[in-house]
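> The lines below spell out each chain.
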Amino acid sequence: MQYSNPDLPLIRFDLAVQFHNIAGLIVTFNYLIFVAGNLATKNGNYYRLEIAKLYKDLSLQLEYYLIGVFKKRPTPFPINEKRKFNPLQKVTYVATMYGLMPVIIVTGLALLFPEIIIEKIFQSSGFFLTAILHTIVGFMLSLFLVIHVYFSTMGSSPTSNFKSMVNGYHEPH
Amino acid sequence: MERLKSHISVNLFFKLTTLMRTKSLSALLLFLLITSTAVFGQLLVDMEATPASVESNQQCFECHTRQIYSYENDWSGLVERKAMNPNYILDSAAFHQGVHRHFACTDCHSPEYESFPHAAEARLEPMYSCMDCHGGDETYEQYHFELIEEEFYKSVHSTRYDDSFDCWMCHDPHAYKAMTRGDFKISEIVQNHNKTCIDCHNDAVKFSILTDSVRPDLALVHEFIPNYNLHLKAVRCIECHTAQEDTMWVAHQILEKEFAVKKCVDCHSSNTMLMASLYKYQNLEARQDGFLNAIILNNSYVIGANRNYIFNIISIVLFGLALLAIAVHVFFRIKNR
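Same order as they appear, the protein sequences are chains A and B. Residues in the first sequence are numbered consecutively from 1, following my numbering. Residues in the second sequence are numbered consecutively from 1, following my numbering.
Hints in this document: simulated from the structure, not taken from any laboratory. Everything hinted at is true.
Simulated pairs of lysine-lysine, BS3-like, Cα-Cα distance not exceeding 25 Å: (1) B/257 x B/154; (2) B/185 x B/195; (3) A/82 x A/163; (4) A/71 x B/335; (5) A/72 x B/335.
Computed footprint of chain B on chain A, listed as stretches where at least three residues anywhere in the stretch have a Cβ under 8 Å from a Cβ of chain B: (6) 68-81; (7) 131-139; (8) 145-157.
Glycine included, every Cβ here is placed at the ideal spot set by N, Cα and C.
Using the sequences plus the hints, can you model the full thing?
Printed below as a string of structure tokens:
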């Protein structure tokens, strides 16, 4: 919708709006399940950051992705029962799931029910700020999605992580 | 903007006069003020000064602002209280804020109205139309009255009805405000302009003055628009219902309903047609005030048309970089396999 242009109609605008609304509601519903699941089960523990070691751990993981992986070095934070995510994953997921997702859901719901938006924030239109925030965060999330899907191919074989998603078993490197 | 300028100059004028306290200097300053307003200001009406005919008009407003008026009956000697015809009740405050604020009632109405009871024939007096005063006069050139008239004659209001449909049907000369300039917020302009249409199109009685046909329910006929009420607050009816003419401030050629804009993308796109009308003057203002205001003042977010090309470009570049990085990574992974 952001790039819509009547001369190059990829999809009818009203249809795009409808799909977008439905997708938004599904995302909101799924997000609620995610939060509830993390609160109710031990899965939430995987998202706890170890702030003190964060910088060192991040560097190690980044080095692995930039250099180690090409030299067939072992992954510095292998997956085990206690650790589902490597430090880089953890930071990104925490930012995405606890930072960006709530923002996009709240702004999205506000745009779906525009009468609840505060009309003026510092001389500027509340609609404008909400919409811009929604657009920026939406963009960041789609950027995350592309990179996220690519990194899924970084398992022991390019398809092994996708298999894990279905069968639940992790294939070690 | 003009209003602000004249407001500032008036303030400055008073400060200086209190400071100097010399009559001759204040006279000189007054002269400077008048000339500077003439140079900077495009407003033809002095909105700051006391309305010129406030006292003589007070006599009319005494009764014509009230629902109940009273008068002394010469025959019986009694003070009688009567209900005023609702069509003849005016808002004196709105009159004094309108563009015709300096006029005396009898400038346009028959002097016979100065006596009471009013002569019955006075009611049949021919009324001035807009063009009687504003037509063919260079003073009003910027308002394009001739073009408005030309467009009006092509509009459904004129072609579907006889000459009884005149400017006054929509525009009340007693309270008319010029609201097309950059010194009003878009939301105020939208509200004001839409009120002009809705006053009749959402009022069964007023609508029936012109036609016996059933008044269409506005919410029902606009059902295809998502969030109709929000659209009504954000854009003007004329955005979709007129032929847009670039030189016009306010388009007057109201089209048959078949020709109304119905495609979402006509507005919701990067080359939105709203740029030619509603946002045109706001944008001029934004361009004058610099880059930051161009982003913030364009508080006119239309989904798919926020016109922040900067965002579009940044987003595409970042996506490109991410894809490039992935491609490089893939390349080395394959190479070192």
